[in-house]
Amino acid sequence: MKDHPSQWIHSGLTCRDLTNQASEYLDDRLPILTKVRVGLHLASCAHCRTYVKQIDLVSSTLRSLPKLYPSPVNRLCLRQQFVASHTN
Amino acid sequence: MNAVASTYTKSIGHTSSASRRSQAARPSGPAKSEDTLIARLRRGDEEAFDELVNQQHGALIRMAMGYVADREVAEEVVQDTWMTVIQSLDRFEGRSSLRTWICGILIHKAKDRGVREKRHTTFSAFESYDDDNEEAVDPSRFQQTGEWAGHWAFPPQPWDDQTPEKIMASQQAVNAMQRAIEALPATLKDVLILRDVEGVEAKEVCEMLKITETNLYVRLHRARERVRAAVETYLSGC
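These protein sequence lines map, in sequence, to chains R and Y. The opening position of the first sequence corresponds to residue 1 in the working numbering, with each subsequent residue numbered one higher. The opening position of the second sequence corresponds to residue 1001 in the working numbering, with each subsequent residue numbered one higher.
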């Protein structure tokens, strides 16, 4: 299917509709008929493909954010408290 | 993944992050490994406690930041949460996962601290999340009238060759994302941190936050869109 606005109508979705469902689509949470309509729209709309790809990329990148740990002082304090709770 | 989704993932040339997360989030016997961890914790195994802190501390800090003014206060709230976890571990009944239980303690303490220090609470924390009229993407980016109403007027420009690794390699891009996350209201921040940053399954996030799956995805998508818009702004300035 070629990218062309005339094809978008076949999906019954506007780009605005599609953007609101992008996360559910990526997480595979849409009902089957809606999923088919989203798939049809994406197959013919490069802008929406770009949008969904960007949401997917952001979601993947967030998973790589640096881990956060307690400061050494706070960790020591917690460890002491944990040990104390088992020696009382 | 169904045929349509498969077609899409082929067309964008990779497997979606959701399916990757889903694959990654299926360790063999997660319930059993949690039972083992709890047993070790109850025996006073310090390494088990360190493991637990290393696993959960980041999510707790990021979530606490949604309710209190700054990182320093968030650290205090999380430290207090850990103290409660230590003191209450024997009373944990296993009716939810350990993570759900700990997050519940954190949210209760962070909300309480945020209310007590109202002057420090960010305005974003009070922002409405359940406005049905609010759309994720700025409506002015779509055609308003005519044959193509609802279709893109100002479409997103492709981020050629961008990957998570390339974005993470740019400190400025990471800062832009961090700022966008920090500016989210707590209700959006919670779902984004749990689902995307920590990779918690949707069902467990709903259980932790006591929300429906529909509500989860409304919030999650608004949060993802705000971060996407921040990256878009950053990349358009490069």
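Don't read these hints as lab results, they were simulated from the structure. Hints may contain errors.
[Unchecked claim] Beta-carbon label-pair distances, calculated as ranges:
1. R:LEU76 with Y:THR1163: 34 to 40 angstroms
2. R:SER85 with Y:GLN1055: 28 to 34 angstroms
3. R:SER85 with Y:GLN1172: 39 to 45 angstroms
4. Y:SER1236 with R:VAL73: 40 to 46 angstroms
5. Y:PHE1154 with R:GLY12: 21 to 27 angstroms
6. R:TYR69 with Y:PHE1154: 28 to 34 angstroms
7. Y:SER1170 with R:VAL36: 33 to 39 angstroms
8. R:GLY12 with Y:ALA1153: 31 to 37 angstroms
No residue lacks a Cβ here, since even glycine has one placed at the ideal position from N, Cα and C.
Results of checking the hints against the structure:
1. R:LEU76 with Y:THR1163: 34 to 40 angstroms: holds, 38 angstroms
2. R:SER85 with Y:GLN1055: 28 to 34 angstroms: The hinted range 28 to 34 angstroms is violated for SER85 of chain R and GLN1055 of chain Y, with Cβ atoms some 19 angstroms apart.
3. R:SER85 with Y:GLN1172: 39 to 45 angstroms: Hint holds: Cβ distance 44 angstroms, inside 39 to 45 angstroms.
4. Y:SER1236 with R:VAL73: 40 to 46 angstroms: For VAL73 of chain R against SER1236 of chain Y, whose Cβ atoms are near 42 angstroms apart, the range 40 to 46 angstroms holds.
5. Y:PHE1154 with R:GLY12: 21 to 27 angstroms: holds, 23 angstroms
6. R:TYR69 with Y:PHE1154: 28 to 34 angstroms: Since TYR69 of chain R and PHE1154 of chain Y have Cβ atoms about 41 angstroms apart, the given range 28 to 34 angstroms is violated.
7. Y:SER1170 with R:VAL36: 33 to 39 angstroms: Hint holds: Cβ distance 38 angstroms, inside 33 to 39 angstroms.
8. R:GLY12 with Y:ALA1153: 31 to 37 angstroms: violated, 20 angstroms
In the structure shown, a violation is registered for the earlier hints numbered 2, 6, 8, in ascending order.
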